[in-house]
Amino acid sequence: MAGLRRCDSFMVVAVVLASCFAPAAFAATKEYRYTVGPHANISVDTQCGAISIKPGSDNLVVVTAVFKSDNVEVDQQQNGNRIEIASHLLHGTDQQNGQVDYELEIPPDANVTLRSSTGPLSAERLQGDLTMEGADAVVTVRKIENAHVHVRTMRGSITLTDIRNGHVEIASISGDIHLKAVTGLSVQVSSGSGRIFYDGDFGSGGDYRFITHSGDIEALVPADVSAGFRAHSVLGRVQHDFPLQPRHSRFSEEVGRSFIGNAGQASSEVVLRSFSGKIRLKQR
Amino acid sequence: MTCSDVQRALPEVLDSSPNGTFASEFEDHIKGCPDCSDLLSDLKLIASEACQLAATDEPSPRVWLGIASQLRAEGLIRDQAPKPVLVPTSIGRRWGHRWSALWLAPVAAALVAAGAYVVNHKPAPPVAKQQTPGTSAGTSAGTNNEVAATPAVPPAPAPAPQELAQKSVPPTNVVQPVVEPEPSADDQQFLSVVSTRAPSMRATYENQLAVVNADILETEAYVNRNPGDIDARQHLMDAYQQKALLYQIALDRIQ
Chain A
1 MAGLRRCDSF
11 MVVAVVLASC
21 FAPAAFAATK
31 EYRYTVGPHA
41 NISVDTQCGA
51 ISIKPGSDNL
61 VVVTAVFKSD
71 NVEVDQQQNG
81 NRIEIASHLL
91 HGTDQQNGQV
101 DYELEIPPDA
111 NVTLRSSTGP
121 LSAERLQGDL
131 TMEGADAVVT
141 VRKIENAHVH
151 VRTMRGSITL
161 TDIRNGHVEI
171 ASISGDIHLK
181 AVTGLSVQVS
191 SGSGRIFYDG
201 DFGSGGDYRF
211 ITHSGDIEAL
221 VPADVSAGFR
231 AHSVLGRVQH
241 DFPLQPRHSR
251 FSEEVGRSFI
261 GNAGQASSEV
271 VLRSFSGKIR
281 LKQR
Chain B
1 MTCSDVQRAL
11 PEVLDSSPNG
21 TFASEFEDHI
31 KGCPDCSDLL
41 SDLKLIASEA
51 CQLAATDEPS
61 PRVWLGIASQ
71 LRAEGLIRDQ
81 APKPVLVPTS
91 IGRRWGHRWS
101 ALWLAPVAAA
111 LVAAGAYVVN
121 HKPAPPVAKQ
131 QTPGTSAGTS
141 AGTNNEVAAT
151 PAVPPAPAPA
161 PQELAQKSVP
171 PTNVVQPVVE
181 PEPSADDQQF
191 LSVVSTRAPS
201 MRATYENQLA
211 VVNADILETE
221 AYVNRNPGDI
231 DARQHLMDAY
241 QQKALLYQIA
251 LDRIQ
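Sequence lines, in order, name chains A and B.
Position 137 (the first sequence) corresponds to 137 in our numbering; numbering is contiguous.
Position 252 (the second sequence) corresponds to 252 in our numbering; numbering is contiguous.
Keep in mind that the hints were calculated from the coordinates and are not lab data.
A portion of the hints provided could be inaccurate.
Listed next, with one range per pair, are the computed distances between beta-carbon atoms [said to hold, decoys possible]:
(1) 220(A) x 207(B): 27 to 37 angstroms
(2) 56(A) x 227(B): 19 to 29 angstroms
(3) 37(A) x 42(B): 42 to 52 angstroms
(4) 31(B) x 125(A): 22 to 32 angstroms
(5) 33(B) x 80(A): 38 to 48 angstroms
(6) 59(A) x 24(B): 50 to 60 angstroms
(7) 205(A) x 5(B): 56 to 66 angstroms
Footprint (simulated), chain A over chain B, 3 or more residues, beta carbon under 8 angstroms [claimed, not checked]:
(8) 25–37
(9) 40–46
(10) 188–194
Examples of chain B residues toward chain A, derived with CB under 10 angstroms [to be verified]:
(11) 4
(12) 12
(13) 21
(14) 22
(15) 198
(16) 200
(17) 218
(18) 219
(19) 222
(20) 224
(21) 248
(22) 249
(23) 250
(24) 252
(25) 253
Computed from a predicted structure; not experimentally measured.
Where a beta carbon is used, it is the ideal one built from N, C-alpha and C, also for glycine.
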């Protein structure tokens, strides 16, 4: 019995010692609040870390910064209706040790610019213009209306869902790009080696251009889509399983490499271009 | 004077020669600190090299005017905008650590300009429509429109007089294996800055740069063989824009 008690004591001491000497998982949280007017401009820039944005109250910006290290500072300033927040690595700190994650609640009509090398970056339910940039950041954008959405990544994948009446510009060097229910007057998407996948109806009156160098392009559309299509891959395969009406075009058609035709009233114009990737238009 | 003081003062020191006690303290620190000394010499080299970039292989003034008018039309620049400088003279301290990569901006712009120049100045002989016999814009209509690929079947160009003499030329859309491109001087400089400012990212940027350069080379080779292919020309422009995008992302991220 005494032996058991001694063993328990040893274990307690061991646990206490272990907890003292184990590297502590640093995490500190700071909150910043700013009062703003309509259409505020908000910029958040972090070298390493996540940034997520949600709508909050109409005149208040709430920024919660979660520090994963004490080797990084947050520089923040407000000039009138403009707010700038940036992580600042202290001397000798590399990106991995300087992570700061941000969560923002902002007025829905605010214009936002987010930058993070690692990401992820996410934004949802906003109506202001949105710019998101990150080398390796995975970018997710949901439920944006009547706004410009500009996204640039190097390798990070990009997913846009439920973007209505947007002016959309997406560019990636090798990241995949997924668009679901994205419509607008102008939707320009380009990737070098990444794949572009679109699932939606191309809205009405819009100009859609999807371009890759070697990445594949696939568009999944409903039977009642109203769009004029032009697809061409210089070296890749092009196919569609969709009943297209012939249309006059200054571009010639080459079997297996391109197709041109209209569906419905052709109220939107859709151009799918790739240098060596495959292009496919499919009926949902 | 500490290393951090020196780094903050570097933009002003490079832009104008300091004097007084500040200059002597700065010099003393540089003499005694190999890190800061190396950094200063690297930055001087970059600044001087960047100044020479504009003088090499500059496209015609028409290209620059075209870009300027396009940027003006899009509201991105104004006539009275201040002249861009490679080394800004007054950058807020908070943002001062970014200045040294600013030379990438004109390089990125030059890439796009070079792309436009290359695309627009390729000789384009009179080329008939590349249309496969039996197909027209209307043939894809109807329900049986799943088109299978026809690999290695070259387009059948109409026999233009210039092309009749070149009948023995092999199929033009067969892509030869692309040789791994050598990094250009700009690329070397770009990678050198990445190595200095963000060594852990060098491999990533180097890989992406190699991919983008390979895309440019591949497209350029195709355009050379098919100078009348408008889409291929556009893809060449797009490939240059991808490279400019890579530079711009680096510009934003390298600190």
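Results for each hint:
no., hint, result
1, 220(A) x 207(B): 27 to 37 angstroms, "holds (31 angstroms)"
2, 56(A) x 227(B): 19 to 29 angstroms, "violated (56 angstroms)"
3, 37(A) x 42(B): 42 to 52 angstroms, "holds (45 angstroms)"
4, 31(B) x 125(A): 22 to 32 angstroms, "violated (58 angstroms)"
5, 33(B) x 80(A): 38 to 48 angstroms, "holds (41 angstroms)"
6, 59(A) x 24(B): 50 to 60 angstroms, "holds (52 angstroms)"
7, 205(A) x 5(B): 56 to 66 angstroms, "holds (58 angstroms)"
8, 25–37, "violated (count 0)"
9, 40–46, "violated (count 0)"
10, 188–194, "violated (count 0)"
11, 4, "holds (6 angstroms)"
12, 12, "violated (19 angstroms)"
13, 21, "violated (24 angstroms)"
14, 22, "violated (21 angstroms)"
15, 198, "holds (8 angstroms)"
16, 200, "holds (6 angstroms)"
17, 218, "holds (8 angstroms)"
18, 219, "holds (6 angstroms)"
19, 222, "holds (7 angstroms)"
20, 224, "violated (13 angstroms)"
21, 248, "holds (8 angstroms)"
22, 249, "holds (5 angstroms)"
23, 250, "holds (8 angstroms)"
24, 252, "holds (6 angstroms)"
25, 253, "holds (5 angstroms)"
Hints 2, 4, 8, 9, 10, 12, 13, 14, 20 from the earlier list are contradicted by this structure; the remaining hints agree with it.
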